[in-house]
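Quick note, the sequences are listed as chains A and B, same order. Here the first sequence is numbered in numbering that gives the first Met the number 0, starting from 0 and rising by one per residue. Here the second sequence is numbered in numbering that gives the first Met the number 0, starting from 0 and rising by one per residue.
The hints are simulated quantities; they were obtained by calculation from the structure and are not laboratory data. There's no promise every hint is true.
Claimed, not checked - The following residues of chain A were derived to be distant from chain B, with all beta-carbon distances above 10 Å:
no. : residue
1   : Lys93
2   : Trp99
3   : Ser113
4   : Ser114
5   : Ile115
6   : Leu213
7   : Ile262
8   : Lys318
9   : Ser381
10  : Asn426
Stated by the list, open to error - The calculated lysine to any residue pairs, modelled on SDA-like cross-linking and capped at a C-alpha distance of 25 Å, are:
no. : chain 1 : residue 1 : chain 2 : residue 2
11  : A       : Lys72     : B       : Gly87
12  : B       : Lys108    : A       : Lys147
13  : B       : Lys1      : A       : Phe92
14  : B       : Lys108    : A       : Lys93
15  : B       : Lys161    : B       : Lys1
16  : B       : Lys38     : B       : Pro176
17  : B       : Lys102    : B       : Ala114
18  : A       : Lys72     : B       : Lys102
19  : A       : Lys93     : B       : Lys29
20  : A       : Lys147    : B       : Ile160
21  : B       : Lys108    : B       : Ala141
22  : B       : Lys108    : A       : Asp127
What the hints assert, rightly or not - Derived DEER-like restraints, expressed as beta-carbon distance ranges:
no. : chain 1 : residue 1 : chain 2 : residue 2 : range
23  : A       : Tyr89     : B       : Gln22     : 24 to 34 Å
24  : B       : Arg73     : A       : Ile362    : 17 to 27 Å
25  : A       : Pro248    : B       : Lys28     : 28 to 38 Å
All figures in this text were calculated on a predicted structure; none of them were measured in a lab. A virtual CB, placed ideally from N, CA and C, is assigned to each residue, including glycine.
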Amino acid sequence: MNSKFINELPELVKHNVISQETASKIEDYYQSKEQNSPNRLFTVFGVLGSLLVGLGIILILAHNWDDFSRFTKSILAFVPLVLGQLIVGYTIFKNRSATWKESSGTFLFFAVGSSIALISQIYNIPGDISSFLLTWILLCLPLVYLLKSNTLAMLHIVFATYYACNYGYGYLNMGKTPWLYLVLLALVLPHYFQLLKERPKSNITSIFNWILPLSFIITLGSFVNGFDEIGFLMYMSLFGLFYNIGKTPFFNNGKLRRNGYLIFGSLGTVFLFLWASFKWFWEENYHPLELTQELMISLFLIVLTSVILMYSYSKRWVKGFNLIQFAYLIFAVMFFLNFGNHIVPTVMVNLIILALGLVTVKIGTDKFHFGILNYGLLIITSLVVCRFFDTDMSYIVRGLLFVSVGIGFFVTNYIMLQKKKKLISQNQKL
Amino acid sequence: MKPLHLFSIFVLVAIAQLFIPSQMILGQKKILSDGTPYKFITQPIDPSDPFKGKYIRLDFEISSLATNDSTWNRQEDVFVVIENDDYGFARVKEVTRQKPEGKDFVEAKVSWYNAYDKELNLSFPFDEFYMNENKAYDAEVAHRDAQRDSIKNNTYALVFIKDGEAVLDNVFINEIPIADFVE
Numbered sequence: 000m001n002s003k004f005i006n007e008l009p010e011l012v013k014h015n016v017i018s019q020e021t022a023s024k025i026e027d028y029y030q031s032k033e034q035n036s037p038n039r040l041f042t043v044f045g046v047l048g049s050l051l052v053g054l055g056i057i058l059i060l061a062h063n064w065d066d067f068s069r070f071t072k073s074i075l076a077f078v079p080l081v082l083g084q085l086i087v088g089y090t091i092f093k094n095r096s097a098t099w100k101e102s103s104g105t106f107l108f109f110a111v112g113s114s115i116a117l118i119s120q121i122y123n124i125p126g127d128i129s130s131f132l133l134t135w136i137l138l139c140l141p142l143v144y145l146l147k148s149n150t151l152a153m154l155h156i157v158f159a160t161y162y163a164c165n166y167g168y169g170y171l172n173m174g175k176t177p178w179l180y181l182v183l184l185a186l187v188l189p190h191y192f193q194l195l196k197e198r199p200k201s202n203i204t205s206i207f208n209w210i211l212p213l214s215f216i217i218t219l220g221s222f223v224n225g226f227d228e229i230g231f232l233m234y235m236s237l238f239g240l241f242y243n244i245g246k247t248p249f250f251n252n253g254k255l256r257r258n259g260y261l262i263f264g265s266l267g268t269v270f271l272f273l274w275a276s277f278k279w280f281w282e283e284n285y286h287p288l289e290l291t292q293e294l295m296i297s298l299f300l301i302v303l304t305s306v307i308l309m310y311s312y313s314k315r316w317v318k319g320f321n322l323i324q325f326a327y328l329i330f331a332v333m334f335f336l337n338f339g340n341h342i343v344p345t346v347m348v349n350l351i352i353l354a355l356g357l358v359t360v361k362i363g364t365d366k367f368h369f370g371i372l373n374y375g376l377l378i379i380t381s382l383v384v385c386r387f388f389d390t391d392m393s394y395i396v397r398g399l400l401f402v403s404v405g406i407g408f409f410v411t412n413y414i415m416l417q418k419k420k421k422l423i424s425q426n427q428k429l
Numbered sequence: 000m001k002p003l004h005l006f007s008i009f010v011l012v013a014i015a016q017l018f019i020p021s022q023m024i025l026g027q028k029k030i031l032s033d034g035t036p037y038k039f040i041t042q043p044i045d046p047s048d049p050f051k052g053k054y055i056r057l058d059f060e061i062s063s064l065a066t067n068d069s070t071w072n073r074q075e076d077v078f079v080v081i082e083n084d085d086y087g088f089a090r091v092k093e094v095t096r097q098k099p100e101g102k103d104f105v106e107a108k109v110s111w112y113n114a115y116d117k118e119l120n121l122s123f124p125f126d127e128f129y130m131n132e133n134k135a136y137d138a139e140v141a142h143r144d145a146q147r148d149s150i151k152n153n154t155y156a157l158v159f160i161k162d163g164e165a166v167l168d169n170v171f172i173n174e175i176p177i178a179d180f181v182e
């Protein structure tokens with residue numbers, strides 16, 4: 000991109016758009032910027048290389064070389080570990096570049112895992128995967144801070160998620176809750192906060208803005224112990240929390256693609272509302288209110304989200320009423336008041352989805368954002384598709400609904416396109 | 000923080016990283032050298048682990064036993080007192096919730112209690128025997144074939160037991176180590 004821009008400079012000078020002096024300054028600026036920035040590509044390849052070598056070693060050792068004696072195999076188990084430690088030790092001692100830190104840290108991460116796995120293999124120690132993962136993650140956690148390594152922090156989150164899934168999901172793990180997962184994530188949060196503080200707009204921070212909420216979404220279900228129906232409330236509260244975090248100016252003022260919280264929050268809320276737009280949802284999820292673990296988690300998430308929302312209002316970050324920011328609360332009230340009447344909540348949910356779709360379309364047109372506009376239309380379409388499966392609605396009504404939504408797509412996009420063209424021509428005249 | 004300080008902390012981390020696998024080895028070695036060996040009659044089947052490789056899961060004959068006591072809960076930790084039968088194979092003497100004194104025992108988990116058959120199913124902590132990836136499936140087949148040739152099950156796991164802990168040393172078919180048998 001920069002080199003393309005620099006190539007254009009002689010032409011701009013030739014046509015007297017900029018002076019020769021300005022052109023030289025621009026060139027100097029980009030050259031100095033390139034020299035100062037670390038070679039990101041080299042770091043990425045270094046990390047990928049270490050990742051592949053590390054995983055490869057695990058697989059090679061997993062082959063189980065039974066020609067070797069137990070002693071030889073035990074020694075072999077330590078070779079990658081000691082090698083990784085020597086490289087990491089050297090990197091820290093000599094304070095080498097980020098590329099060194101990221102690559103050596105990644106290699107050591109997998110070396111630790113492979114050595115524990117191999118010892119378990121040699122001595123036939125069964126142990127479940129979750130306890131193995133926990134030992135592995137904890138042994139490598141200090142490296143995140145010692146090497147200030149983003150890759151290790153990401154690996155930590157990915158493997159902590161794996162641990163939580165392995166511990167909490169599955170028929171055999173009924174009644175087990177991976178509370179330690181929360182501790183594991185809390186331990187990596189200082190690194191994330193530092194990234195948010197120091198490099199809020201960098202790509203690596205954006206990746207964390209996506210994988211952290213994703214990890215919570217994947218694992219939240221493992222905190223459900225028997226009272227599955229309250230799982231819906233838990234997830235709705237979590238999506239509400241994410242949406243409201245994503246709406247804080249810190250995340251909301253940046254680019255949308257950097258805001259995983261907002262996107263997950265919005266998509267999740269809409270998806271769950273669509274799920275709840277069927278009558279059977281309210282028939283099946285009728286339950287007596289007991290203070291279960293699931294309910295406690297839901298209440299905690301609801302209170303936390305409400306605190307963030309109130310704080311946002313007090314700081315005037317939010318003006319007016321945005322339905323999707325309150326969706327979690329509306330859902331919670333309906334959920335708690337569901338004492339047998341299924342018609343009222345079903346109708347309400349359908350109206351809310353319609354309102355959500357219309358509000359999103361309006362935001363899209365106000366902002367001249369085709370993406371948001373079509374997302375709003377997609378919400379309405381999804382609602383119509385869901386109603387398509389409700390057989391008790393007349394075919395004519397359903398057909399008309401589809402046709403009108405289809406026309407809506409054309410008309411709104413066309414109107415906005417015209418508006419945009421008008422705006423561009425007005426700007427050109429000015 | 001200065002590189003030297005960081006390095007000092009790293010040395011501690013590295014020691015911990017070395018300590019855990021070393022401790023695992025020493026613990027297992029002690030049981031293998033000082034423990035009492037028992038032969039557990041078993042049936043192998045062949046699954047795999049993403050990190051540790053292929054293994055044969057051992058389905059022990061004594062993991063299900065008849066009892067009228069129906070108070071056992073799933074996943075409950077229990078102590079299983081082991082003794083040898085007349086043929087020199089391990090058998091369950093008693094299952095208890097209290098730690099036994101002066102007897103060889105292993106810690107196990109209750110899988111489930113079958114109220115209809117009045118049968119208690121146990122899960123022993125030494126039911127995975129890791130093998131070369133090319134031999135694990137062959138081992139399962141070899142056991143099946145060996146079964147066909149004789150009336151009694153002739154596959155057993157040699158397990159060393161000490162103070163409630165157990166280490167699976169090897170699996171034998173017709174007194175030959177399973178890895179050699181399949182070659």
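Outcome of the hint check:
1. Lys93: At roughly 7 Å from the nearest Cβ of chain B, A:Lys93 sits no farther out than 10 Å, so the non-interface label is violated.
2. Trp99: At roughly 13 Å from the nearest Cβ of chain B, A:Trp99 sits farther out than 10 Å, so the non-interface label holds.
3. Ser113: violated, 8 Å
4. Ser114: It is violated; A:Ser114 is separated from chain B by about 5 Å at its closest Cβ, not greater than 10 Å.
5. Ile115: violated, 6 Å
6. Leu213: holds, 21 Å
7. Ile262: Holds, because the least Cβ-Cβ distance between A:Ile262 and chain B comes to about 31 Å, which exceeds 10 Å.
8. Lys318: holds, 44 Å
9. Ser381: At roughly 37 Å from the nearest Cβ of chain B, A:Ser381 sits farther out than 10 Å, so the non-interface label holds.
10. Asn426: holds, 53 Å
11. A:Lys72 with B:Gly87: violated, 31 Å
12. B:Lys108 with A:Lys147: violated, 42 Å
13. B:Lys1 with A:Phe92: holds, 9 Å
14. B:Lys108 with A:Lys93: Distance of about 50 Å is beyond 25 Å: violated.
15. B:Lys161 with B:Lys1: violated, 48 Å
16. B:Lys38 with B:Pro176: holds, 13 Å
17. B:Lys102 with B:Ala114: violated, 29 Å
18. A:Lys72 with B:Lys102: violated, 33 Å
19. A:Lys93 with B:Lys29: With a Cα-Cα distance of about 41 Å, the restraint between A:Lys93 and B:Lys29 is violated, given a limit of 25 Å.
20. A:Lys147 with B:Ile160: Violated: A:Lys147 and B:Ile160 sit about 45 Å apart, past 25 Å.
21. B:Lys108 with B:Ala141: This hinted pair is violated, its Cα atoms lying about 29 Å apart.
22. B:Lys108 with A:Asp127: holds, 13 Å
23. A:Tyr89 with B:Gln22: 24 to 34 Å: holds, 26 Å
24. B:Arg73 with A:Ile362: 17 to 27 Å: Between B:Arg73 and A:Ile362, where Cβ atoms are some 51 Å apart, the hint is violated.
25. A:Pro248 with B:Lys28: 28 to 38 Å: Violated: the Cβ-Cβ distance is about 60 Å, outside 28 to 38 Å.
The earlier numbered hints that this structure contradicts are 1, 3, 4, 5, 11, 12, 14, 15, 17, 18, 19, 20, 21, 24, 25.
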